[in-house]
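Peer 1: Here are the chains, one letter per residue:
Number of protein chains: 2
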Amino acid sequence: MALDNVLASIDANLDRSLERLFALLRIPSVSTDPSFAAECRRAADWLVTELGALGFDASVRPTRGHPMVVAHSREAGAGPRVLFYGHYDVQPPVPLEQWKTPPFEPRLVEENGRKQIVARGAADDKGQLMTFVEACRAFVAVEGKLPVPVTILFEGEEETGSPSLKPFLDANRKELKADVALVCDTDMWDAETPAVTTMLRGLVLEEVIVQGASHDLHSGLFGGPAVNAIHVLARVLAEIHGPDGRVAIPGFYEGVGELDPEIRAQWTSLKFDERRFLGDIGLTKPAGEAGRHILELMWARPTCDANGIIGGYTGEGSKTVIPARASAKVSFRLVGDQNPAAVRDNFRAFVRARLPADCKAEFISHGASPALRLPLTSPYLAKTRAALEAEFGRPAVLKGSGGSIPIVGSFKHDLGMDSLLVGFGLDDDRIHSPNEKYDLSSFRKGARSWARILAALAQ
Amino acid sequence: MALDNVLASIDANLDRSLERLFALLRIPSVSTDPSFAAECRRAADWLVTELGALGFDASVRPTRGHPMVVAHSREAGAGPRVLFYGHYDVQPPVPLEQWKTPPFEPRLVEENGRKQIVARGAADDKGQLMTFVEACRAFVAVEGKLPVPVTILFEGEEETGSPSLKPFLDANRKELKADVALVCDTDMWDAETPAVTTMLRGLVLEEVIVQGASHDLHSGLFGGPAVNAIHVLARVLAEIHGPDGRVAIPGFYEGVGELDPEIRAQWTSLKFDERRFLGDIGLTKPAGEAGRHILELMWARPTCDANGIIGGYTGEGSKTVIPARASAKVSFRLVGDQNPAAVRDNFRAFVRARLPADCKAEFISHGASPALRLPLTSPYLAKTRAALEAEFGRPAVLKGSGGSIPIVGSFKHDLGMDSLLVGFGLDDDRIHSPNEKYDLSSFRKGARSWARILAALAQ
Chain A
2 MALDNVLASI
12 DANLDRSLER
22 LFALLRIPSV
32 STDPSFAAEC
42 RRAADWLVTE
52 LGALGFDASV
62 RPTRGHPMVV
72 AHSREAGAGP
82 RVLFYGHYDV
92 QPPVPLEQWK
102 TPPFEPRLVE
112 ENGRKQIVAR
122 GAADDKGQLM
132 TFVEACRAFV
142 AVEGKLPVPV
152 TILFEGEEET
162 GSPSLKPFLD
172 ANRKELKADV
182 ALVCDTDMWD
192 AETPAVTTML
202 RGLVLEEVIV
212 QGASHDLHSG
222 LFGGPAVNAI
232 HVLARVLAEI
242 HGPDGRVAIP
252 GFYEGVGELD
262 PEIRAQWTSL
272 KFDERRFLGD
282 IGLTKPAGEA
292 GRHILELMWA
302 RPTCDANGII
312 GGYTGEGSKT
322 VIPARASAKV
332 SFRLVGDQNP
342 AAVRDNFRAF
352 VRARLPADCK
362 AEFISHGASP
372 ALRLPLTSPY
382 LAKTRAALEA
392 EFGRPAVLKG
402 SGGSIPIVGS
412 FKHDLGMDSL
422 LVGFGLDDDR
432 IHSPNEKYDL
442 SSFRKGARSW
452 ARILAALAQ
Chain B
2 MALDNVLASI
12 DANLDRSLER
22 LFALLRIPSV
32 STDPSFAAEC
42 RRAADWLVTE
52 LGALGFDASV
62 RPTRGHPMVV
72 AHSREAGAGP
82 RVLFYGHYDV
92 QPPVPLEQWK
102 TPPFEPRLVE
112 ENGRKQIVAR
122 GAADDKGQLM
132 TFVEACRAFV
142 AVEGKLPVPV
152 TILFEGEEET
162 GSPSLKPFLD
172 ANRKELKADV
182 ALVCDTDMWD
192 AETPAVTTML
202 RGLVLEEVIV
212 QGASHDLHSG
222 LFGGPAVNAI
232 HVLARVLAEI
242 HGPDGRVAIP
252 GFYEGVGELD
262 PEIRAQWTSL
272 KFDERRFLGD
282 IGLTKPAGEA
292 GRHILELMWA
302 RPTCDANGII
312 GGYTGEGSKT
322 VIPARASAKV
332 SFRLVGDQNP
342 AAVRDNFRAF
352 VRARLPADCK
362 AEFISHGASP
372 ALRLPLTSPY
382 LAKTRAALEA
392 EFGRPAVLKG
402 SGGSIPIVGS
412 FKHDLGMDSL
422 LVGFGLDDDR
432 IHSPNEKYDL
442 SSFRKGARSW
452 ARILAALAQ
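Protein chains in written order, with this note's numbering: chain A, 2 to 460; chain B, 2 to 460.
Everything labelled a hint here was simulated from the structure, so no lab data went into it.
Hints are not guaranteed to be accurate.
Since the list gives no way to pick out one identical chain from another, each pair is judged satisfied if it fits inside one copy or across any two copies.
As the list claims (entries may be wrong) - Here are the simulated DSSO-like cross-link-like pairs (lysine-lysine), alpha carbons at most 27 Å apart as the crow flies: (1) K101 - K361; (2) K167 - K178; (3) K286 - K361; (4) K384 - K146; (5) K101 - K175; (6) K286 - K146; (7) K116 - K146.
Here the structure is a predicted model, which means the values were calculated and not measured.
Put together the whole structure using the sequences plus the hints.
Peer 2: In C-alpha cells:
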C-alpha cells in the first residue's frame, strides 16, 4: 500500500530529516528585533531552496517586514487543494544565561526517557512546520508526487503579531485560496494523545510609556513634591485586575459570553492534571479569575498580562533617582466576540483616566487580532481525526488554545477558508522560554500524521 | 591684608584652577558599577598627587571598596583643626543619549548668561571639593601655609551609601578627629545667596525581587492561571502610597515629628518660587503629601520612591511572556528620629504581607543612615556665616536638604564633631541627571568663600 511505503520512508530517513531541521534551527530568525532581519531572510531563503528541491514552485516574497515563503506543488493528485501554514520566525532567546546550551545550537538530548530537540524555535514553529515538509518529501520520494495539490505559506512575523500577513493575503488572494488550510502551530493533548484545536484566543499588544518630570531627578533633593513615573505606572497596572482576578477595565468583558455547557463537560472529563501542570512551572494554585476550571481560564477566558516593565535605574547597586519615564508592554488575550480595537481603546482610556497632574502617556500598538471558534462541521475534520487516530491509536481531543494564531482569522475572513489546527507540541515544550524543546516523537509522528492526513484528504 | 592677597590669587589663577578641575572630571569614577573600580582608584591617586604638591602629607588609603584619600597640612597657623570632607565618586551617567556632550568630557558653556561647567560630577561633588583645594592652594601660594591646621578626607563611595566610611572612621578615629568638620556637598539658596544647611534627611536603600513561576511563560498558553511577577510587584508599589500621598507602611511615621514653628516661619518667609522650581523640572503641581509647604516636603518630610524597576521583556517590539521575576530599587528618605532599621524591616514585612500564593520576595540592602539636625549653637557657625556674608554681600540662609550625607552622622556619632555644611551648588545643577553642571561663579566664589572661612576660623 502506497501510504505504508510513505510512512516507512519517513521512518527510514528520520536522521536526515533531523539534520535538515537542525540546519534551520541554527538560523537565529528573531523577528521582534530589527537587527536580526538578515537572519529572517536567510531562513526564508533556506526554506525556498528545500522546497524547490522537493519539486515545489517556491519563492521568497517580499513584504514591508520579513518576507513570506510561498510554494506550490507542481505535480499532485486530484482532490481538494490544501494551504499549509507555518512560521519560520522565533521569539528572542533572552534571558540567555538561563539556557543550558546555546539557543541556536540545536541538540538532541534525553530527558525523562524522552529524546528531545533543544533549541529556540524547536517547537515554535520550525520543528512543527518541518513535519509537513518531511511528509511531502516522503510522498515525492515514494510516489513521485503529492496526493493532493498543496500550497505552502511560511511567514516570518508571527511572533510580532503578523503585520504583513493581511496585506499579503489581500494582494494574493487568488493564488493562495484553497479548499482548506492546515495550520501546524498547536499542541497535542499529551505525548500519547493527538488533538485538533478548535478555539483560539485573540491578542492585543500594547506598550505604554508614562512621562512625569522632564528629566530624571535626585530623589533626595526632589523627593516629596516630584511625581514618580514608576509609581504612576505601577498604580495603573495594579488597578487593571480586581481582587476577584477579573480585568477591571470598563467594557472589557463585552462579547465574552459563557462557555458552551457541552464543551465545558468535555473539558472537565479530560481529567486535566492541574497539580502536575502547575507544578511543572513552579506553581501550586491557579491565579486569575476565581471559580473557573483551569482549562477554561486558559482557553475560553480573556486575560491581561504585563509582559515587560522598565523604568529608572536598573544597573548594579543603587541610584537615588526619581525616574521621569517608565514603560510597560501589556498584552490582552481575547475570546468570543471581543473587539480588539475596543479593548485597545478602553485600555488607553483606563490609563489616561489614572494619570495624575503633570503626567502623560504615550501608546504604541504592537498588533491586534480577534478570537476564533472553528466550526466542528468541516467536511475535512472527520478525515483528519481518523488519520490522527490511525497514527496514535486513540481518538484526537478537540481542544482550545490560549495562544493566538492571527492567520487563522485572516484565512477565515479574507479567504473564506476554514483551518484545521493540528500540531504536535507538548505543554512542557517551554516555547518563548529558555531551553525550548520539541520531542523527537512529536517530530516523527507529526510527519507521519501529515502523510496520513494528506492521503485521507485525497480519498 | 593677607586675605585680600589670597582672594586676588584665586581670581588671578582661575583658568588654571579650571584646568585642574577638568582633569579630575575626565576620570569616570562611577562608584556604583564595579567595572569602574580602576577609575575610582585613578581619581584618588590624582587627588593625592595634587594635595602632595600643595604641601599636604597625602595618601590613598585602601578600604574594602573604593579607597579614601587622607591629607594633613604640614604647616599651618594655630587655631582649631578642621576636617574637610568631599567625595570623588560620581553617579552613573545613564541615560547617555540624553547628554548634549559626553559626560566625562567637561566643557565650559554659556547658558542664560551664566558660564557653566558641564560634566558628570561637575557639581556632585568634584567641583565642590575643588573649591576647597583651590582655596588651600591660594593660601599656600601667598602665605606659605594654611591659617588653621587642615585634614582632608575624600571618599569614593558616597553615591553607594558609603559602606566603608564608618569602619574607616572607627579605625582612624584619632587621626581624623578635629574641632569641626567642613562638608561641601550642598547647595546655595540661590545664585546670589549663600546658605548653611542644618537639616539632612536620612536614607534607606532597598532592592526587592519578586519571583513567581519557575521560568518565564508564554502568555497565551499560560495566561490566566499563571501568576505574573510584574503584577505582584506593581500592586506592592502601588499600595505603598495612600491617596493622601502618605506612605502607608505601618509604623513608617514613627519618630517623624512636626516641624519647629520658627523654622516653618523662616522657610515660608523665603518666598520660595514653587512655580519656577517645578517648572524647571517640567512639573506644575507638587506631588506627595497634601497640605504641606514644598520646602517642608523636601527638607522635613520622609518619602518613599521607586528608583528603578525591571521585569519581563524590555527589548524592541513585543514578547508575549509572563515574567517569572520582577525587581525594583526602592529608597526611603528619613527625617527626625526615624529608625533606618525599623523602616527597612517594616518595608520588607509590608511586601511579604502582599505576596500571593506561589510568590516569594528577596531583599537586598544597599545602605541605611538616619536623618540629622545640626545644632545652631556651634561656635564656628557664626564665623562661617560672617565669612559668607562678606563674600556674597547678603546673609546666609539656614536651610534643610532633602539629600543624605551619611558622613555627617558618622562625624557626629563616631567622632563627636559638628559639621558645617557649606556648598555652592544650585538647584538647577541637574545632579544625578544628564547634563549635570556647576556654575563657574559657584566655583570661583566657592573657593573665595573657603579662603574667608579658613581665615575667620583662625581668628
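Peer 1: If a hint holds in the structure, say so; if it doesn't, say that too.
Peer 2: Each hint tested on the structure:
In this assembly of identical chains, K101 and K361 lie within 27 Å of each other by CA distance solely across copies; the values are 24 Å between and 42 Å within a copy. In the homo-oligomer, the alpha carbons of K167 and K178 lie at most 27 Å apart inside one protomer (13 Å), although the nearest pairing across protomers, at 76 Å, exceeds that limit. When the C-alpha separation of K286 and K361 is checked against a cutoff of 27 Å, the pair qualifies only between copies, where the shortest distance is 14 Å, while the shortest distance within a copy is 37 Å. Proximity of K384 and K146 under a CA criterion of 27 Å is satisfied intra-copy only: 21 Å inside one chain copy versus 101 Å between copies.
In this assembly of identical chains, K101 and K175 lie within 27 Å of each other by CA distance neither inside one copy nor across copies; the values are 46 Å within and 55 Å between. For a Cα distance limit of 27 Å, the shortest separation of K286 from K146 qualifies neither inside one copy, at 51 Å, nor across copies, at 74 Å. Taking the shortest Cα distances, K116 and K146 never come within 27 Å of each other, neither inside one copy (31 Å) nor across copies (81 Å).
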